[in-house]
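Residue numbers (the numbering used here), protein chains in the order written: chain A, 147 to 450; chain B, 5 to 358; chain C, 49 to 410.
Among the clues, some could well be false.
Here are the computed lysine-lysine pairs in the BS3-like style, where the Cα-Cα straight-line distance is at most 25 Å [as the list claims (entries may be wrong)]:
(1) B/K350 <-> B/K148
(2) A/K444 <-> C/K291
(3) A/K444 <-> C/K57
(4) A/K261 <-> C/K291
(5) B/K123 <-> B/K277
(6) B/K148 <-> B/K305
(7) B/K148 <-> B/K185
If you're looking for bench data, these hints aren't it; they were derived computationally from the structure.
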Amino acid sequence: MFEAVLLTIITAATPLLIAAIGELVVERSGVLNLGVEGMMIMGAVVGFAVANQTGSGTLGVIAAIAAGMAMSALFGFLVLVLVTNQVATGLALTILGIGFSGLIGEAFIGIPGLKLPDLYIPGLSDIPFIGPVFFQQDALVYISFALVIAVAYFLFRTRLGLVLRSVGDNHGSAHALGYSVIRIRFAAVLFGGACAGLAGAYMSLAYTPQWVENMTAGRGWIALALVVFSSWLPLRVVIGAYLFGAVSVLNLHAQAVELDIPSQLLSSLPYLATILVLVLISANRRLTLVNTPACLGKPFVPDR
Amino acid sequence: MKSLLKATVAAVAFAAAGSAANAADVKACYIYVGPVGDFGWSYQHDQGRLEAEKHFGDKLETAYLESVPEGPDAERAIERFAREGCNIIFTTSFGYMNPTIKVAKKFPDVKFEHATGYKTADNVATYNSKFHEGRYIIGQIAAKQSKTGVAGYIASFPIPEVVSGINAFLLGAQSVNPDFKLKVVWVNSWFDPGKEADAAKALLDQGADVITQHTDSTAPLQVAQERGAHGFGQASDMIQFAPEAQYTAIVDDWGPYYIERIQEVMDGTWESKSTWGGLAEGHVVMAPYTNLPDDVVAMAKETEAKIAGGWEPFTGPITKQDGTVAAEEGVTLDDGAILGMNWYVKGIDDKLPQ
Amino acid sequence: MRVELVKRKERSRKMALLSPLIAVGLTAIAAGIIFSISGHNPLSGLYKFFIEPLTQEWSFNATIAKATPLILIACGLSVCYLSNNWNIGAEGQFIVGALFGSALPILMPEFENAATLPLMMVFGMIGGALWALIPALLKTRFNTNEILTSLMLVYVASLLLDYLVRGPWRDPGGYNFPESALFSDAATLSTIPGTSISFAAPITLIVAIVLAVVLGKTLKGFEIRVMGESPRAGGFAGFSARKLTLFSFATAGALAGLAGTMEVSGALNQLLPTISPGYGFTAIIVAFLGRLNPFGIIVAGFVLALSYIGGEAVQSAMGVSNKIASVIQGLLLFFVLACDTLILYRVRFVGQRGSAGEASHV
Numbered sequence: 147m148f149e150a151v152l153l154t155i156i157t158a159a160t161p162l163l164i165a166a167i168g169e170l171v172v173e174r175s176g177v178l179n180l181g182v183e184g185m186m187i188m189g190a191v192v193g194f195a196v197a198n199q200t201g202s203g204t205l206g207v208i209a210a211i212a213a214g215m216a217m218s219a220l221f222g223f224l225v226l227v228l229v230t231n232q233v234a235t236g237l238a239l240t241i242l243g244i245g246f247s248g249l250i251g252e253a254f255i256g257i258p259g260l261k262l263p264d265l266y267i268p269g270l271s272d273i274p275f276i277g278p279v280f281f282q283q284d285a286l287v288y289i290s291f292a293l294v295i296a297v298a299y300f301l302f303r304t305r306l307g308l309v310l311r312s313v314g315d316n317h318g319s320a321h322a323l324g325y326s327v328i329r330i331r332f333a334a335v336l337f338g339g340a341c342a343g344l345a346g347a348y349m350s351l352a353y354t355p356q357w358v359e360n361m362t363a364g365r366g367w368i369a370l371a372l373v374v375f376s377s378w379l380p381l382r383v384v385i386g387a388y389l390f391g392a393v394s395v396l397n398l399h400a401q402a403v404e405l406d407i408p409s410q411l412l413s414s415l416p417y418l419a420t421i422l423v424l425v426l427i428s429a430n431r432r433l434t435l436v437n438t439p440a441c442l443g444k445p446f447v448p449d450r
Numbered sequence: 005m006k007s008l009l010k011a012t013v014a015a016v017a018f019a020a021a022g023s024a025a026n027a028a029d030v031k032a033c034y035i036y037v038g039p040v041g042d043f044g045w046s047y048q049h050d051q052g053r054l055e056a057e058k059h060f061g062d063k064l065e066t067a068y069l070e071s072v073p074e075g076p077d078a079e080r081a082i083e084r085f086a087r088e089g090c091n092i093i094f095t096t097s098f099g100y101m102n103p104t105i106k107v108a109k110k111f112p113d114v115k116f117e118h119a120t121g122y123k124t125a126d127n128v129a130t131y132n133s134k135f136h137e138g139r140y141i142i143g144q145i146a147a148k149q150s151k152t153g154v155a156g157y158i159a160s161f162p163i164p165e166v167v168s169g170i171n172a173f174l175l176g177a178q179s180v181n182p183d184f185k186l187k188v189v190w191v192n193s194w195f196d197p198g199k200e201a202d203a204a205k206a207l208l209d210q211g212a213d214v215i216t217q218h219t220d221s222t223a224p225l226q227v228a229q230e231r232g233a234h235g236f237g238q239a240s241d242m243i244q245f246a247p248e249a250q251y252t253a254i255v256d257d258w259g260p261y262y263i264e265r266i267q268e269v270m271d272g273t274w275e276s277k278s279t280w281g282g283l284a285e286g287h288v289v290m291a292p293y294t295n296l297p298d299d300v301v302a303m304a305k306e307t308e309a310k311i312a313g314g315w316e317p318f319t320g321p322i323t324k325q326d327g328t329v330a331a332e333e334g335v336t337l338d339d340g341a342i343l344g345m346n347w348y349v350k351g352i353d354d355k356l357p358q
Numbered sequence: 049m050r051v052e053l054v055k056r057k058e059r060s061r062k063m064a065l066l067s068p069l070i071a072v073g074l075t076a077i078a079a080g081i082i083f084s085i086s087g088h089n090p091l092s093g094l095y096k097f098f099i100e101p102l103t104q105e106w107s108f109n110a111t112i113a114k115a116t117p118l119i120l121i122a123c124g125l126s127v128c129y130l131s132n133n134w135n136i137g138a139e140g141q142f143i144v145g146a147l148f149g150s151a152l153p154i155l156m157p158e159f160e161n162a163a164t165l166p167l168m169m170v171f172g173m174i175g176g177a178l179w180a181l182i183p184a185l186l187k188t189r190f191n192t193n194e195i196l197t198s199l200m201l202v203y204v205a206s207l208l209l210d211y212l213v214r215g216p217w218r219d220p221g222g223y224n225f226p227e228s229a230l231f232s233d234a235a236t237l238s239t240i241p242g243t244s245i246s247f248a249a250p251i252t253l254i255v256a257i258v259l260a261v262v263l264g265k266t267l268k269g270f271e272i273r274v275m276g277e278s279p280r281a282g283g284f285a286g287f288s289a290r291k292l293t294l295f296s297f298a299t300a301g302a303l304a305g306l307a308g309t310m311e312v313s314g315a316l317n318q319l320l321p322t323i324s325p326g327y328g329f330t331a332i333i334v335a336f337l338g339r340l341n342p343f344g345i346i347v348a349g350f351v352l353a354l355s356y357i358g359g360e361a362v363q364s365a366m367g368v369s370n371k372i373a374s375v376i377q378g379l380l381l382f383f384v385l386a387c388d389t390l391i392l393y394r395v396r397f398v399g400q401r402g403s404a405g406e407a408s409h410v
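Extracted from the complex, chain A is given alone in its bound form:
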């Protein structure tokens, strides 16, 4: 029972985790991309379409990543090169993504999808409890954790990570030191797009292997919330994603065991919990000021 619940939580948390870790890097570089939902849904439809046409889940995943990156490149060009407003551009990206994905997906409605296979390691996967939970997931679950570790290492243990953070904290001085603010930010935005596309592929190839319009159903927005929830720290994103997944799954379990609470109240718990954690974290000034990218959302144009 506990094992089964845990498995459900893992699938619920993985797309959130992947999308959020990408957006975290974007925001660390000082860019706020509110178009996660739009990039994610494009990843979902392109991933499904390519997997369906080629019969290869791997190609589907790669195509989804490419689709997310293409969307983010559009965003990057607008906000970084043409210095448009980031909030408005991100929202427009979501509108475009939802429309465009519906258009691409028209041919793929009502077709059962391809499900990414679960890993099976003889021996390890057979251990009771530990086996199914740790060694019998699809590849994207492991990739999500690998991404978190890689991002944490990159941001805090490498020179380039330091540069990226300084670009997000003070683009003026980073520029004065000779770093190309635009180029670094563009790379971060592309990484965010790749992750959002991958998260979309998880939706249409692993979570619910099918294509239906609007199938991401707002998960891109939740990923955005998780980034702030984590106060821009990669390891906390894991906690946030799994907490959010757990609350929404346990909500369903609570109902099945008959708990006398309006279901709307239960459904609003994840959002209220996020607000509460945000307050708790941000009330502690020491914690937030250290990690908040000071230039988040501010445009940068090199003076000459």
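On the provided structure of chain A, position chains B and C as indicated by the hints.
Same frame as chain A, but now just chains B and C:
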């Protein structure tokens, strides 16, 4: 600027020519609440539209607007169709009720058909289907097939149509196994594949081995397929999503109704009425019974024939969850009681959200 | 070849007028291409999308009706954004405002007189303002990021509406369907006599004019702009960032709440489980397209409303998928945002070596 003007003139000319070219006898227009690609509610209505188009050929022209939000947008969409020369307009969501009535007042010569509502007028008819008839049958199948004696039900919103479906399911199950248990989970959404999948998993984890849903996506069936459990399709036949898991599906078939009503408009015999068709009228259709032993298929077919022959699943004795009697032995609930149902029958492992 | 932006010494007035036209032209070209690819006549598609809605009285009025809540909400949001307060939860403030406004006709249906409607509007404004003050207070008190809290509260607000409409506020005579009772005539916002335009439109226009005066001619407007551009300088001038945060959120919330109340009272006449097709989010785009200027917002709101009405027109008349309409809408936004760059910057194409090539003025 000049060329733009020219282009505009050309466009106007083209548009005028376009509308004159295909003068059909009747224009039927449809308004959907979801995308036609939801493979559920709106998809089935659109299938009905296509069926009518095929049936009438050149005599019928159709148009539709999809993903129209309930509220002022719906009113505008309906009015647009009324102005664009539609002779009959089908508004296919409960929330379109008041906008439909409002617009109908302004256009007395246009016929309006509102699905799932209860307000009518001289030029507004209502139609709905007795989905609970199908749910009684799948309840029986679930009770026959379940090893744990527990079924799971993924529900959208506690409106009468959903509640009566839950009750019919359990009554069907109890007719086979009086101790059968039903667990209900509310996902508060008509359509969220991820959440529906999570709910399906939760129900299976709680001991259910057969699940059904009153939400629109195929996700719960896919979960059943993956976990080696079983389930039923909703709105459309979802067998290709769960070839080993689907026992049958309750299919909404709006085609016959649309053809009938459009024919009446053509003949000038259309009248406002409330249609509530079920298995008998072919508005509710059971998909082929699959993955079932012969005796269960025979039982299901027998029940199907009995209901099509006029028997009502909500026939007493029916006891409410609180122990009071809803219908004495042999007494049948009237349509109003079923259409406004806000209580559970005894045996449901859930409290009805109020 | 490399594209470079060179900051203009001052805003280009010529470009301020030209850039929206360029954007619409580019959108028209892109839309024409999309229409042709999908097998439709591009010219009649463009005509139906952008021009026909303006040629008929009813669709023109429908465009105004659709633009009204967008403009009203965007006006309030502009106060927030000008003062650097990132309120993206107007959708929730719209809903809670509508709930407060509807409380009167639903809980006291017998209270029917000339004061009903004005009272509803006041309640609506209070409701929206209170909901907006939650993220504002969390920001001033705990330094919590307002983007996320205001967004989270949207979900909470829509669940609250859902709960009320399906539970305590359900129409007792409505066969348990999730809707409130219809409002009485006294609680219904009527249309301007002789037209089908709701009184919400002139009210919105007045709000926009008042806001323009406040922003342009008063000390408060000065404070808002100074604090937005340079909070430090504002601090020296004696302005309080905290007070301004509360003020701007309350203003935005009140206007969103007013929009919500007028929408349920005028257009819907009742509460439904969903009362807004995302007005609060679309208004964010309207605010930016309108360059945070009340008159710009009026134009932007109208253009965006037109894109909805036009999208429906091509869908119903030509069978163009509604996804194409939303793709065109997305492109329009991108082009407008991109072209606005020309107001503040000159685009320069530079050769590979970065040698100061001829600046090509666009």
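Right, here's what the structure says about each hint:
1. Taking the CA atoms of B/K350 and B/K148, the gap is about 19 Å. The hint holds against a cut of 25 Å.
2. The suggested pairing of A/K444 with C/K291 holds, with an alpha-carbon distance near 23 Å, which does not exceed 25 Å.
3. For the hint linking A/K444 to C/K57, the alpha-carbon distance of about 20 Å falls within 25 Å, and the restraint holds.
4. The suggested pairing of A/K261 with C/K291 is violated, with an alpha-carbon distance near 54 Å, which exceeds 25 Å.
5. Among the hinted pairs, B/K123 with B/K277 is consistent with the structure: their alpha-carbon atoms are about 10 Å apart, no more than 25 Å.
6. As the CA atoms of B/K148 and B/K305 are separated by approximately 14 Å, the hinted pair is consistent with the 25 Å bound.
7. Between B/K148 and B/K185, the direct Cα distance comes to roughly 13 Å. Compliance with the 25 Å bound is thereby established for this hinted pair.
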